[in-house]
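Now for the letters of each chain:
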Amino acid sequence: MIFTREVFLALLCSVAFTSGGQLLQKQASLKYANIKSSSIFRRLLSIEFVGSTAFLGLGLLFWMIVLTKVELSLAYPLLSINYVLILLGARYLFKEKIPLQRWLGVFVILVGIGVLLRGAI
Amino acid sequence: MSVSEDGKIKPRSWIILGVAILLTAVGQLFMKLSTQYLSGWSELWQQLTEYSLTSGNQTALLWFSLGILSYFVSMLMWVYVLSFLKLSKAYPLFSIAYVLVYVGAVCLPQFNETTNLQKNIGILIIIIGVVIVSLPSSRERVMRTSNK
Chain A
899 MIFTREVFLA LLCSVAFTSG GQLLQKQASL KYANIKSSSI FRRLLSIEFV
949 GSTAFLGLGL LFWMIVLTKV ELSLAYPLLS INYVLILLGA RYLFKEKIPL
999 QRWLGVFVIL VGIGVLLRGA I
Chain B
76 MSVSEDGKIK PRSWIILGVA ILLTAVGQLF MKLSTQYLSG WSELWQQLTE
126 YSLTSGNQTA LLWFSLGILS YFVSMLMWVY VLSFLKLSKA YPLFSIAYVL
176 VYVGAVCLPQ FNETTNLQKN IGILIIIIGV VIVSLPSSRE RVMRTSNK
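Protein sequence lines, in the order shown, are assigned to chains A and B.
Residues 899 to 1019 in our numbering are what the first sequence spells out, letter by letter.
Residues 76 to 223 in our numbering are what the second sequence spells out, letter by letter.
To be clear, the hints were calculated from the coordinates, so they are not data collected in a lab.
Hints may contain errors.
The calculated DSS-like cross-link candidates involving lysine-lysine, where the alpha carbons are at most 30 Å apart (straight line), are [stated by the list, open to error]:
1) A:K929 / A:K995
2) A:K993 / B:K164
3) A:K995 / B:K164
4) A:K995 / B:K161
5) B:K164 / A:K924
6) A:K993 / B:K161
Excised from the complex, chain A in its bound form (with noise of 0.2 Å):
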């Protein structure tokens, strides 16, 4: 029930998937508001939505690798890194204009994540 590190870096890959997975559904779905004329099926072949579930795939992979080794009741409230990940890529992907009140809810994430890891280890 350790933290080894093959088991804190699973869990890394399955956020940082997971996380990229969502930030290509946005980017697919940014495209398909400029293209309106495209049929369904190009919708679903193009490479950012294609991506985008081979990424969430992978994730999943990744994460069922660390509930193998990790407590559920540790290892589900980690996966609250995803918010950090997707505000990250909000900001400095898609250059969208953060509220404070958001930088703020992910300072509170990470403070959580800070006590629940000191008392679970």
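Based on these hints, arrange chain B on the given structure of chain A.
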């Protein structure tokens, strides 16, 4: 269809949202349960290529499939809910999934996971953070009122 004439959301929509959140949590619990029957990744892979699964790994795959199914159905329901419910209204409620997964993992005898005060406090802080992230910001609230 799911919003009545005075703009209030019908109870049916809340039930769908509730089931979507519940299925998200149940899916995670099923996936965790599947790993408890799994003998090992390399063994599973070898058994899959030889079409001869041990009963433990069969049980693992069964729970895993149920987990994926719950996850998938919850995602479909979630997309459906978002077609008539504002993201800022539905998303903070999603933090309930964290509570359900935690309580399930700690209380159900199949998992019987350990808990302590610091772990509880950490999870409470994370849930508060998730709610802060997903609530509409003051600017968005102003925009919505001016749109009316």
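Right, here's what the structure says about each hint:
1. A:K929 / A:K995: At roughly 20 Å apart (the allowed maximum being 30 Å), K995 (chain A) and K929 (chain A) satisfy the hint.
2. A:K993 / B:K164: holds, 24 Å
3. A:K995 / B:K164: holds, 20 Å
4. A:K995 / B:K161: holds, 20 Å
5. B:K164 / A:K924: Holds: K164 (chain B) and K924 (chain A) sit about 20 Å apart, inside 30 Å.
6. A:K993 / B:K161: The given pair, whose Cα atoms are some 23 Å apart, holds under the 30 Å limit.
Consistency note: the structure conflicts with none of the earlier hints.
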